[in-house]
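Colleague: Sequence:
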Amino acid sequence: MILRWIMTISLMSAAPVMAAERQVARFSVGERELSWTLPDGYCLPKGTLSTVAQMISSVDQQNLTLLTLFPCDADAEKIDRYILVKAPVSALAASIPRKQLLTMIGAEFDKPELKQFLEGNSLSADLEKRMSSLFGTSAEATGTVVPMGINDNCGLVGGAMQFKLGTVATHVGLGGCVTAVDGKVLSTYAYDNYQGPETVKALLSRATELAQSIIAENEAPTP
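So the sequence shown is numbered by this note's numbering: it starts at 381 and just counts up by one.
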């Protein structure tokens with residue numbers, strides 16, 4: 381099941397969508413309350429962007445969107461750079477050490493079933509159906525999100541998706557980090573306009589940094 385919610389989070393969340401002091405966001409994963417100083421230049425959505433954030437999160441029914449962040453100067457007419465923090469609904473009540481989670485994810489990454497799952501078109505077809513229903517227009521979704529290995533804190537996934545809603549098309553790159561913070565499973569995802577493989581590489585690094593900062597603010601330092 382882990383491989384399914386990892387890849388579903390990535391694909392579902394990629395669907396298209398005032399400088400200020402850095403804000404501190406508070407959110408809960410199950411019974412655990414977490415806080416996080418938002419990345420420099422990113423803000424919680426307000427006004428029209430709140431609606432956009434709600435629409436993005438509604439596409440993904442398997443995961444709880446904890447935070448949606450846009451650049452503080454974001455224009456609702458063109459949104460291809462944003463950050464999402466999510467948690468799988470099926471794991472909200474669970475508690476698992478990060479090292480154990482990463483071992484499990486690494487094992488899933490090596491299974492041939494994952495390759496078959498990614499090569500199928502069920503996720504894209506489901507995404508197209510949900511997007512079409514949400515936006516009231518024809519929708520097309522193509523692309524791939526694949527495992528990108530394990531580092532000290534993350535199970536990494538990355539790739540690029542092309543979307544077409546009616547006559548509007550967008551090409552979004554993404555990098556994701558699946559981790560555990562104080563025993564609670566969550567994922568950080570960074571999205572940006574896709575310019576090639578280097579976009580994904582940068583977004584993987586970005587997603588890792590985001591996760592590391594959440595960990596640092598919510599866990600006592602290891603002696």
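Hints are computed from structural coordinates only; laboratory data are not their basis. We put the CB at the ideal spot given by N, CA and C, even for glycine. Hints are not guaranteed to be accurate.
[Unchecked claim] Here are the computed distance ranges between Cβ atoms for each label pair:
hint, residue 1, residue 2, range
1, GLN442, GLU411, 17 to 23 Å
2, GLN403, GLN434, 39 to 45 Å
3, SER415, SER470, 23 to 29 Å
4, GLN480, VAL548, 26 to 32 Å
5, VAL404, PRO492, 39 to 45 Å
6, GLY410, GLN434, 38 to 44 Å
7, THR522, SER585, 35 to 41 Å
8, ALA600, GLN442, 27 to 33 Å
[Stated by the list, open to error] Within a straight-line C-alpha distance of at most 25 Å, the following computed BS3-like cross-link-like pairs (lysine-lysine) qualify:
hint, residue 1, residue 2
9, LYS479, LYS491
10, LYS544, LYS509
11, LYS581, LYS491
12, LYS544, LYS479
Colleague: Look at each hint and say if it fits the structure.
Modeller: Going through the hints against the structure:
Checked against the hint of 17 to 23 Å, the pair GLN442 and GLU411 passes, with Cβ atoms roughly 20 Å apart. Checked against the given bound of 39 to 45 Å, the beta carbons of GLN403 and GLN434, roughly 19 Å apart, lie outside it. At about 24 Å, the beta-carbon gap between SER415 and SER470 stays in the expected band of 23 to 29 Å. For GLN480 and VAL548, the hinted distance range of 26 to 32 Å is not satisfied, since their beta carbons lie about 43 Å from each other.
A beta carbon spacing of about 44 Å between VAL404 and PRO492 agrees with the range 39 to 45 Å that was offered as a hint. Range check, GLY410 to GLN434: about 22 Å between beta-carbon atoms, so the 38 to 44 Å window is missed. Distance hint check for THR522 and SER585: the Cβ-Cβ separation is about 25 Å, which falls outside the suggested range of 35 to 41 Å. The hinted range of 27 to 33 Å is satisfied by ALA600 and GLN442, whose Cβ atoms lie roughly 31 Å apart.
Straight-line distance between C-alpha atoms of LYS479 and LYS491 comes to about 19 Å, which keeps the hinted pair within the 25 Å bound. Restraint check: the Cα-Cα separation between LYS544 and LYS509 comes to about 12 Å, which is no more than 25 Å; the hinted pair holds. Between LYS581 and LYS491 the alpha-carbon distance is near 23 Å, which keeps this suggested pair within the 25 Å criterion. About 39 Å separates the Cα atoms of LYS544 and LYS479, which puts this hinted pair outside 25 Å; it is violated.
Hint compliance for this structure: hints 2, 4, 6, 7, 12 are broken, all remaining hints hold.
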